[in-house]
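Residue numbers (numbering that gives the first Met the number 0), protein chains in the order written: chain A, 0 to 334; chain B, 0 to 334; chain C, 0 to 324; chain D, 0 to 324.
Worth flagging that the hints you see were computed from the coordinates, not collected in a lab.
Since the model is a prediction, treat every value here as computed from it, not as a measurement.
A portion of the hints provided could be inaccurate.
Stated by the list, open to error - Cross-link-like lysine-lysine pairs, in silico, DSS-like; alpha carbons within 30 angstroms at most:
{"no.": "1", "chain 1": "D", "residue 1": "K38", "chain 2": "A", "residue 2": "K258"}
{"no.": "2", "chain 1": "B", "residue 1": "K258", "chain 2": "A", "residue 2": "K171"}
{"no.": "3", "chain 1": "C", "residue 1": "K193", "chain 2": "A", "residue 2": "K322"}
{"no.": "4", "chain 1": "B", "residue 1": "K258", "chain 2": "C", "residue 2": "K179"}
{"no.": "5", "chain 1": "D", "residue 1": "K193", "chain 2": "B", "residue 2": "K322"}
{"no.": "6", "chain 1": "A", "residue 1": "K310", "chain 2": "A", "residue 2": "K27"}
{"no.": "7", "chain 1": "C", "residue 1": "K320", "chain 2": "B", "residue 2": "K322"}
{"no.": "8", "chain 1": "A", "residue 1": "K322", "chain 2": "D", "residue 2": "K193"}
{"no.": "9", "chain 1": "C", "residue 1": "K179", "chain 2": "C", "residue 2": "K221"}
{"no.": "10", "chain 1": "C", "residue 1": "K38", "chain 2": "B", "residue 2": "K258"}
{"no.": "11", "chain 1": "D", "residue 1": "K179", "chain 2": "A", "residue 2": "K258"}
{"no.": "12", "chain 1": "A", "residue 1": "K258", "chain 2": "B", "residue 2": "K171"}
{"no.": "13", "chain 1": "A", "residue 1": "K171", "chain 2": "C", "residue 2": "K38"}
{"no.": "14", "chain 1": "D", "residue 1": "K320", "chain 2": "B", "residue 2": "K171"}
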Amino acid sequence: MVTSATAPAVFDLEARLDLYRVQLTLRKFEARAYDLFLENLVKGTSHLSLGQEAIAAGVAAAMRPDDWTFATYRGHAHTLARGVPMTPVMAELLGRTNGLMAGKGGSMHLTSVEHGVMGSYAIIGAHLPIACGAAWSAQYRGTDQVAVCFFGDGSVNIGAFHEALNFAAIWKLPVVFICENNLWMEYTRTSEVTAVANPAADRASAYGLESIIVDGNDAEAVYAVASAAIERARAGEGPSMIEATTYRHGGHSRADPGKYRPDSEVAEWLAKDPIPRYRAFLLEVGATEEQLVAIEEDVTAAVERAVDEAKAGDVPGEEYLMKDLWADGGSSWRN
Amino acid sequence: MVTSATAPAVFDLEARLDLYRVQLTLRKFEARAYDLFLENLVKGTSHLSLGQEAIAAGVAAAMRPDDWTFATYRGHAHTLARGVPMTPVMAELLGRTNGLMAGKGGSMHLTSVEHGVMGSYAIIGAHLPIACGAAWSAQYRGTDQVAVCFFGDGSVNIGAFHEALNFAAIWKLPVVFICENNLWMEYTRTSEVTAVANPAADRASAYGLESIIVDGNDAEAVYAVASAAIERARAGEGPSMIEATTYRHGGHSRADPGKYRPDSEVAEWLAKDPIPRYRAFLLEVGATEEQLVAIEEDVTAAVERAVDEAKAGDVPGEEYLMKDLWADGGSSWRN
Amino acid sequence: MAQLTYREAIARGIAQEMQRDQSVVMIGEDIGAAGGVFKGTVGLFDEFGPLRVRDTPISEQAILGAAMGAAMTGLRPIAEIMFADFFAVCWDIVANEIAKSRYMTNGQVSFPLVIRSGNGGGLRFGAQHSQSVENWAMMVPGLKVVVPSNAVDVIGLMAASVRDNDPVIFLEEKALYASKMDVPDGEIVDELGKASVLRQGADATMVALGNMVPRSMAAAEKLAEEGIDCTVVDLRSLVPLDVTTVLREVGSTGHLFTVEENPRLLGWGAELASIVAEEAFYDLDGPIVRITTPHIPLPAADALEDMAIPSVGRIVESVSKAMNA
Amino acid sequence: MAQLTYREAIARGIAQEMQRDQSVVMIGEDIGAAGGVFKGTVGLFDEFGPLRVRDTPISEQAILGAAMGAAMTGLRPIAEIMFADFFAVCWDIVANEIAKSRYMTNGQVSFPLVIRSGNGGGLRFGAQHSQSVENWAMMVPGLKVVVPSNAVDVIGLMAASVRDNDPVIFLEEKALYASKMDVPDGEIVDELGKASVLRQGADATMVALGNMVPRSMAAAEKLAEEGIDCTVVDLRSLVPLDVTTVLREVGSTGHLFTVEENPRLLGWGAELASIVAEEAFYDLDGPIVRITTPHIPLPAADALEDMAIPSVGRIVESVSKAMNA
Ligand SMILES: Cc1ncc(C[n+]2csc(CCOP(=O)(O)OP(=O)(O)O)c2C)c(N)n1
Ligand SMILES: Cc1ncc(C[n+]2csc(CCOP(=O)(O)OP(=O)(O)O)c2C)c(N)n1
Ligand SMILES: [Mg+2]
Ligand SMILES: [Mg+2]
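In isolation and in its complexed conformation, chain A is listed as follows:
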């Protein structure tokens, strides 16, 4: 099944403007975070979703607040899209005590249990079986919550992917796997090291699942397939896997200018940038330029506020170092 950008509109204008605002927030937040890296205020590494925002935004719109997200190291977008405020996310990147995890996790491990963001995982594949576990818990406890698990196209060749997909299928778990196919791993093209053309979709049948590909640069199309999959899961009909085609505008991580990619390919995908595209679409379906500009100004201001608030946070001291290894709040290994 391939759904197109013209999937049935289930959105009214207000919802659409919201979807625009979310995508724009992800975009502007990350663009600003990138500046802060360049200023060397953000240390360590980080992986941006610039260009891929429509997926996080479309899927989040299809989720219930008590559903769960499992993300990768490339998880800023997925975290923010669930409604986590920008300040603690930015503060986490800066390693401050007002960060989501007080700086202990960093960019690759964003987690906000309060918002159903059950963690960002930096070892390829690991979170797929973990998402199955949350889905198992929902199934056992009869809560009808759904776990949504994001991963990249390069992640389909690791063992944990395979174990999780089979496991989810045989237990009919309420989990939705979303492969963000941006064509590249770090510096290697996924197609060069993958035995099938569509890394996730061409493997769905190995787990008795339907093959689903969606235009990942179209938030509404993503919303449509994600809603269907989430509702199936919620109804007890088991897991789905969705392959959403997209592209990352920048390099793999902070350190990478992304020069291994042909200019023509980058240009082609910049032309398909989901955000200007959605903006144009919004004007077509009745939004006014003023409405959009207002949102844009709002988002810019909100990002700036978040940066300021984040910067105002404290640098964590030793009391943070030795806490919360154990559930008793401490970290002692001896009596």
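Given chain A's structure and the hints, the job is docking chains B, C and D with the ligands onto it.
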């Protein structure tokens, strides 16, 4: 593709009698080994291939002496079928110095590099990528050797299976994967925990491979598909995966009476026992009762000789304990 | 009071907790109707049904990933990894995910889960089915590590592990499954991080774990005949580690011997030796001696395996040699 | 003589061996045209071509399984596991297969292979990309473990590792990649199992590894100002372990300090402490002190990470406190 028991005969009578002799050797060797367990002469565990002999025999017949076998803990049959003499195998089960590995490996790790038996592996899935490595070596060195890797139906759900299959496919490695589908894992039916009906064949397409199922209780049919796959590999056309349907007559391992299986299922498969079936076929295609009885007496005598020789071996002493951890022959970790 | 095997104690300990708490669920290979390959879960499937005692495919990463995800969303799973050697196929979930996620998230998530596994040698299973991996787990910050040496401890420590809000690696000593002892009726709940002093002696302190505990006790009896009077400490858990008891008992004899089944390099005794050599240095009257399996994989042949794992005879000899040096 | 970074020394060391021996081949993620994520393999793809320097999928079990199978059939592979933390996803191949198969087969097969990996913290990468796993590897019988602390050692130890007929875990310290030093021209071949005594002092012996070596040297300079004159030993490999040098150097000062980046429990220093507490007990003039990262996962924030890993300041403080006690 499903090949039937009536695959084109590529054997003359002599070759057929050989194939009978090999299957019978595996059968009688293991039956005798089982007696020795009951006498408590064989310690530890062991996993018999009683009922599955046609696969090891058929595949081995299709291999060149310099090809490589990678087997599992259920590896007596695969080891013997490559021409490894019975005495050192039996002595290994008894833990004697005349054992294949002087007792250091035991039943689950039979290895005879001299015969291309590159080890038996007791952690599910591990040897599939290892077989890829041997195939890579053959490819790199241009030797046109082929690696053949056996595994069970329950092994298709572990991560290493997936990584190896993709890896073999993208590098077009000369490796042939053979899934011995005996329907059961240890005490659990594979179909209860596997998302597809044919555990290996229904996943072949996830690696761009053809789906191949063969009657694993028909040595000649196995030979036919294995030859084709091995020749493809040798010709540089890449890997294949074959699913050979069969059944183990006994329990999973020494300790297991196999009572979890319905009597009717066991009876049905005992009726399909590859050895009496092949015997009847041989009579049909021109063998005489005398020829077959002669082989049977021969094999029985050879097994008894092997048991006697094995029992005559020494119990290993301390000099074996501390040797051959390192290539220098020793085991010291300090200078 | 009933005589129970270590093996039976596993199921009794789990049943006790499952009766008490619906959120305790089990997951693993062949643990259901089959009762586990070591028969450690016999009867649980019948008592608690297929939704609470679930068979899985051979997918250890899925098993532990599922246990982790369930633990962070309200369940208290008990997962089985059939042989402890198989931790190697799912070590990422254990060491990188379960162990670290609470700390990384600044305490947002907890992992009340138990991972049971058949540990150690003695059954002639060869190098890939005989390892003692207590040191693998001890090494990773964020894991608790429990190794009971007898049936009563199995029940009490299982209860403590299930009730603990942190991940516990619960290692069942394969060589002890058939060992028996009298077990009191009724609920048994123990505490993690408390060593047992099983024997008090004036001359030397042996610290042992799991399968090495009965051997150390037997060795102590023989050493007593030679006039060497030993204290024997059963560590019971490596994390939390009962340093207090160890320091006290070493302090009172001046001699420390560790008796370890894991291969030599970085067995748990190394950590103990380093703690004692720092914190009780001036209490020591002689070298610290570690009695371990040599630094080799375990061989399959019975004769060789018996030479490799510390035996009563080797323990006696090592202690006696050092005490008479 | 040229100034080379530790990073550049990796590629030079590998190139030296690949020029010499056609059977040396490389395998790993992004090691080819991209030159590796740490730029450790820059130039090798151009020099040796795609058949000898092969990019792989994200399939660490396949990478190391392939290296193992190739090593047992005539090649001498150098495999890369990008971050040492990722050993957890392929630990079975390392610990159960590669490490054990020679012993199990009574010496029928050999594994002349090198597994390189980016090890340790300091780059603010957080708990899953910063671990020092030298102790994971040291613990498993059948693995050699090498951790160079400078560019010249990188080349010489790489050559020794590639030429060795046993599996070598070759840990490249991420924090040192940018460090520079003068490197002689021509072939450099070193030896495994030889520690270097980098500084000789009368008062105390510090034993360090990898990234902790320069810090220990800096600390020794400061301590000298305080009047504490330290020997600094760079261990260079954990297996084989140069016990001779350690015992000699501890014997001459009477004090042992280990400086370890791995978290406390069962860091390599524990093994060293236990060896010294047994074999050089009567040479010791005071407690053995281990300076380690606390037993926690590494936090991401720079301020926290800096507190966690032993710093020059903390080393000075610990040594000075113990020596003045
Ligand atoms: C097990 C493991 N191997 C390798 C890595 C290093 N690594 C991090 S991201 C990445 C590429 C992932 O590509 P993909 O799955 O397509 O996701 P994307 O980064 O494109 O979102 C790699 C190889 C890792 N984190 N974990
Ligand atoms: C990673 C791992 N998990 C579990 C086991 C225990 N185990 C050994 S054999 C087996 C069943 C294997 O079934 P299958 O693959 O069908 O092979 P068969 O025994 O039927 O030949 C299991 C679960 C193991 N050896 N390794
Ligand atoms: Mg990608
Ligand atoms: Mg089977």
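Quick rundown of the hints versus the structure:
| no. | hint | result |
| --- | --- | --- |
| 1 | K38(D) <-> K258(A) | holds (15 angstroms) |
| 2 | K258(B) <-> K171(A) | holds (29 angstroms) |
| 3 | K193(C) <-> K322(A) | holds (22 angstroms) |
| 4 | K258(B) <-> K179(C) | holds (27 angstroms) |
| 5 | K193(D) <-> K322(B) | holds (22 angstroms) |
| 6 | K310(A) <-> K27(A) | holds (17 angstroms) |
| 7 | K320(C) <-> K322(B) | holds (25 angstroms) |
| 8 | K322(A) <-> K193(D) | violated (39 angstroms) |
| 9 | K179(C) <-> K221(C) | holds (22 angstroms) |
| 10 | K38(C) <-> K258(B) | holds (15 angstroms) |
| 11 | K179(D) <-> K258(A) | holds (27 angstroms) |
| 12 | K258(A) <-> K171(B) | holds (29 angstroms) |
| 13 | K171(A) <-> K38(C) | holds (28 angstroms) |
| 14 | K320(D) <-> K171(B) | violated (62 angstroms) |
Violation of the numbered hints given earlier is confined to hints 8, 14; the remaining hints are satisfied by the structure.
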